[in-house]
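This is what each chain is made of:
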Amino acid sequence: MAEREPKVVGYCCEKHGIECVNLAARSGKQYDASIRLVRVPCTGRVDGMHILRALEDGADAVFVLGCLEKNCYYDTGSIEGRKRVDYVKSMLSQVGIEPERVEMFNASSSMAWKFPEIVSTMTDVAKRLGPIEPRGDRQ
Amino acid sequence: MIVAERKPLGEIVEMIAQLHKVTVIGCRSCVAICLAGGEKEVKMLISALKLKNRKEGRKQEFDGFVLERQCEKEWVKEVDDKILASDVILSMSCSLGAQTIADMYPEKVVVPGLNTAMFGVPEEQGMWSEKCLGCGDCIIHTTGGICPIARCAKSMLNGPCGGSSDGHCEVNLDIECAWYAIHERLKLQGRLDLLEAVRPPKDWTPSHSGGRRIIVREDAKLTQHQKRGKEAVI
Numbered sequence: 300m301a302e303r304e305p306k307v308v309g310y311c312c313e314k315h316g317i318e319c320v321n322l323a324a325r326s327g328k329q330y331d332a333s334i335r336l337v338r339v340p341c342t343g344r345v346d347g348m349h350i351l352r353a354l355e356d357g358a359d360a361v362f363v364l365g366c367l368e369k370n371c372y373y374d375t376g377s378i379e380g381r382k383r384v385d386y387v388k389s390m391l392s393q394v395g396i397e398p399e400r401v402e403m404f405n406a407s408s409s410m411a412w413k414f415p416e417i418v419s420t421m422t423d424v425a426k427r428l429g430p431i432e433p434r435g436d437r438q
Numbered sequence: 159m160i161v162a163e164r165k166p167l168g169e170i171v172e173m174i175a176q177l178h179k180v181t182v183i184g185c186r187s188c189v190a191i192c193l194a195g196g197e198k199e200v201k202m203l204i205s206a207l208k209l210k211n212r213k214e215g216r217k218q219e220f221d222g223f224v225l226e227r228q229c230e231k232e233w234v235k236e237v238d239d240k241i242l243a244s245d246v247i248l249s250m251s252c253s254l255g256a257q258t259i260a261d262m263y264p265e266k267v268v269v270p271g272l273n274t275a276m277f278g279v280p281e282e283q284g285m286w287s288e289k290c291l292g293c294g295d296c297i298i299h300t301t302g303g304i305c306p307i308a309r310c311a312k313s314m315l316n317g318p319c320g321g322s323s324d325g326h327c328e329v330n331l332d333i334e335c336a337w338y339a340i341h342e343r344l345k346l347q348g349r350l351d352l353l354e355a356v357r358p359p360k361d362w363t364p365s366h367s368g369g370r371r372i373i374v375r376e377d378a379k380l381t382q383h384q385k386r387g388k389e390a391v392i
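In order, the protein sequence lines correspond to chains P and R.
With positions in the first sequence counted from 1, the corresponding number in the working numbering is that position plus 299.
With positions in the second sequence counted from 1, the corresponding number in the working numbering is that position plus 158.
The shape of chain R in the complex, shown without the other chains:
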């Protein structure tokens, strides 16, 4: 899932300072799971902003709600009237949700309430860790299900490096060495022979280095005729 964390409140206040009608929009997907932009977080943020305004004698109107998925236009369209009635949208979603609204309503000011941090998993309550970089060319079938691109500080393909010590990374001793973990996993599976193969330099073109990525499934796309029919229904 996408993991995000709330921006410092001072930064949020600065972004919306000059605008009167503020609509705070959260998202019930990933950012709700990582306790950054769900219903509770939206309500708490609005309360804190109202208290600040009261303390400073400033007047701003706040409205807040949560969408099922802010990155999908269908869900955003449901609150069309509320978005159009506001001066600024404070998006409590990952950058994808904020950009979806910004693209749908180009005349509206959209500001991010969260910093989108990583693709990660919840390790335990209140702790999330990065496990994927979205490089576009997954190789975890050769590394025991552990991604060296995201989990090795150097994204090495033929590890471990000389900085691995007692299973820890030289970059930070609190971090597990990904290649040590890969070795232990493959040993458990009896597949250590996989480590004997030398991996060639990675082709980074499917990653962000090749520019903005767009995936198209021709079989899933709607024809012009279907699009007209769908619009007519909506």
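Only chain P is shown next, with the shape it has when bound in the complex:
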């Protein structure tokens, strides 16, 4: 049976976050092409609701990629993003779902190496944990 493709969704800020992705692509870095990126104006715009909705709609893992905290284009957007990720993690823990399915990352537009690393970290998590379903049903 073919290996199931992990479903990873990434909310990516359109400043340093997306520039980091673009630079990774332009520099020929290799990363898993199965990830779904959602471009957002700022990680401060990402709400816990968006992250939970992605998981609800079938994502195995979700990450949020924003600017470096001390170099955020909108000053505090990536700090807000991290707080929301942490809140969702606490909600997931309370309902017995692995909080590591959700992570926050920060990168600057020049950190091309960072994006493949993030993708690899999250696809590993998605492969290890699999879909959110009863344990007995897992292949």
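It cannot be assumed that every hint is accurate.
Unchecked claim - Quick partial rundown of chain R residues pointing at chain P, CB under 10 Å, derived from the structure:
#1 V171
#2 K201
#3 L203
#4 L207
#5 K213
#6 E214
#7 Q218
#8 R375
No lab work stands behind these hints, which were simulated from the structure alone.
We put the CB at the ideal spot given by N, CA and C, even for glycine.
Given the coordinates of chain P, assemble chain R onto it according to the supplied hints.
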């Protein structure tokens, strides 16, 4: 405003575990302002509960919406059909909203999604503090606009007590001494003489100690004739 906070999710899950059709109802008033039971919180709660059910292979139906004010029957009536179609109402409002629905639909199971905490004010984003106990006999005109009943750990009427130190309360040094604050406020207003008067023991009968409180405004009440007319319109 009324300040509330969401119950731990484990407790909520336990309350609704045996029931199939769950309707989550939030409120756009106080609990939305204190980020406990507004539209976002309702959606996030439903998502988390759905994820838990998926993880455990359990089947439950969820519906969710937000009322303008859950403590008023007129707003609740608007979603009459949805309430009647559900097995359990998970109220994401203060206890007043939950009790309003429970009283209107006595045959329905209503469970609270929030713990109603206090009458408080938003001090800064993400922080609320208690400022009133609803004692039914307001005296803040004599205390510089600061309520010693709610803000003094001992609810003293003639403070400060010996536990006040550098403007902080002995109960918890992070708490401001209410009577120190009152002294500073009255000093600023040049009304320190108010502190010389000894306040007699408080009459607690207007508070909850006198039993459930009901306020009636005869001039605002509808006559039987008016009630019949209003029902006919609805």
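Structure-based check of each hint:
no. : hint : in the structure
1   : V171 : holds (7 Å)
2   : K201 : holds (5 Å)
3   : L203 : holds (8 Å)
4   : L207 : holds (7 Å)
5   : K213 : holds (5 Å)
6   : E214 : holds (6 Å)
7   : Q218 : violated (13 Å)
8   : R375 : violated (41 Å)
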